[in-house]
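Enquirer: Sequence:
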Amino acid sequence: MALSEAYMTSTKNLADILGAIRGGQAPERFSQKFLEELGFKGKNDRAIISILKSIGFLDDSGAPTQLYFDYLDTSRSLAVMASAIRDAYSDLFRVNRNAHEMSSTELKNKMKTITQGKKSDSVLNVMAATFRALASTADFSAVQADPLEPEETVGEEQASPASSDRLDGRVARQPPSGLGLSMRYDIHIHLPISRDQQVYDALFSSLRKHLV
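Going by my numbering, the first residue of the sequence shown is number -4, and it counts up by one from there.
These aren't lab readings, by the way, just hints derived from the structure by calculation.
Beta carbons: idealized from backbone N, C-alpha and C, even for Gly.
Heads up, a few of these hints could be off.
What the hints assert, rightly or not - DSS-like mimics (lysine-lysine), calculated; alpha carbons at most 27 Å apart, straight line:
| # | residue 1 | residue 2 |
| --- | --- | --- |
| 1 | LYS113 | LYS28 |
| 2 | LYS36 | LYS7 |
| 3 | LYS107 | LYS48 |
| 4 | LYS48 | LYS7 |
| 5 | LYS114 | LYS28 |
| 6 | LYS105 | LYS48 |
| 7 | LYS48 | LYS28 |
| 8 | LYS48 | LYS114 |
| 9 | LYS38 | LYS48 |
| 10 | LYS114 | LYS38 |
| 11 | LYS28 | LYS38 |
| 12 | LYS113 | LYS38 |
| 13 | LYS105 | LYS7 |
| 14 | LYS38 | LYS204 |
| 15 | LYS36 | LYS48 |
| 16 | LYS7 | LYS38 |
| 17 | LYS7 | LYS28 |
Claimed, not checked - Label pairs and their in silico Cβ distance ranges:
| # | residue 1 | residue 2 | range |
| --- | --- | --- | --- |
| 18 | GLY14 | GLY57 | 17 to 27 Å |
| 19 | GLY34 | ASP116 | 17 to 27 Å |
| 20 | SER117 | ASP68 | 30 to 40 Å |
| 21 | THR60 | LYS28 | 14 to 24 Å |
| 22 | SER85 | GLY19 | 26 to 36 Å |
| 23 | GLY112 | ARG71 | 37 to 47 Å |
The task is simple: from the sequences and hints, build the whole structure.
Expert: Next up, the structure:
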């Protein structure tokens, strides 16, 4: 499931922490000590480490990734963040490609569906708040949204006009190209009442000769 479940119970310092990251040097490991050196010593602030891992800025060991380094370029940081958010919350953007514009209530409802109702309302609230706080630091207009998935085709290929004309192994006859008119003749035959079999034999023989 591509839906980040990392969150901060309070996001008031999130934007400031990201600003400090952009303005500082990249550490070998983004640790609690490094966070405190940036000026953020609150217990709630430590959750940013899990968030940075969830959006791909840090690896599992806490070492900065290429995304982290790209984010340090202030001319690209907003777009880098938008791309990272789209990847980390791809299930959410699959539901709504403009998920960053959704309200807290809408986000909570979608997240509840994606997580199959396994998260409490309180957790969903802070997950939604964290997403909105991250989204406020990104420029989604600088990142191309994923294209819509193509509609399924029959047998991995769209049926050709020729194949669509086949019914039960028989080919339906089409009018010649360029003609929009086709004609059909219906012939109704009223047979005379007779007990003489030869009468019918002669009649059908004549029909076969002139019509077939």
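Enquirer: Determine for every hint whether it applies to the structure shown.
Expert: Results of checking the hints against the structure:
no.	hint	verdict
1	LYS113 x LYS28	33 Å, violated
2	LYS36 x LYS7	14 Å, holds
3	LYS107 x LYS48	22 Å, holds
4	LYS48 x LYS7	19 Å, holds
5	LYS114 x LYS28	31 Å, violated
6	LYS105 x LYS48	23 Å, holds
7	LYS48 x LYS28	17 Å, holds
8	LYS48 x LYS114	20 Å, holds
9	LYS38 x LYS48	18 Å, holds
10	LYS114 x LYS38	23 Å, holds
11	LYS28 x LYS38	12 Å, holds
12	LYS113 x LYS38	26 Å, holds
13	LYS105 x LYS7	24 Å, holds
14	LYS38 x LYS204	101 Å, violated
15	LYS36 x LYS48	19 Å, holds
16	LYS7 x LYS38	13 Å, holds
17	LYS7 x LYS28	20 Å, holds
18	GLY14 x GLY57: 17 to 27 Å	20 Å, holds
19	GLY34 x ASP116: 17 to 27 Å	33 Å, violated
20	SER117 x ASP68: 30 to 40 Å	37 Å, holds
21	THR60 x LYS28: 14 to 24 Å	20 Å, holds
22	SER85 x GLY19: 26 to 36 Å	29 Å, holds
23	GLY112 x ARG71: 37 to 47 Å	38 Å, holds
Checked against the numbered hints above, the structure violates hints 1, 5, 14 and 19; every other hint is satisfied.
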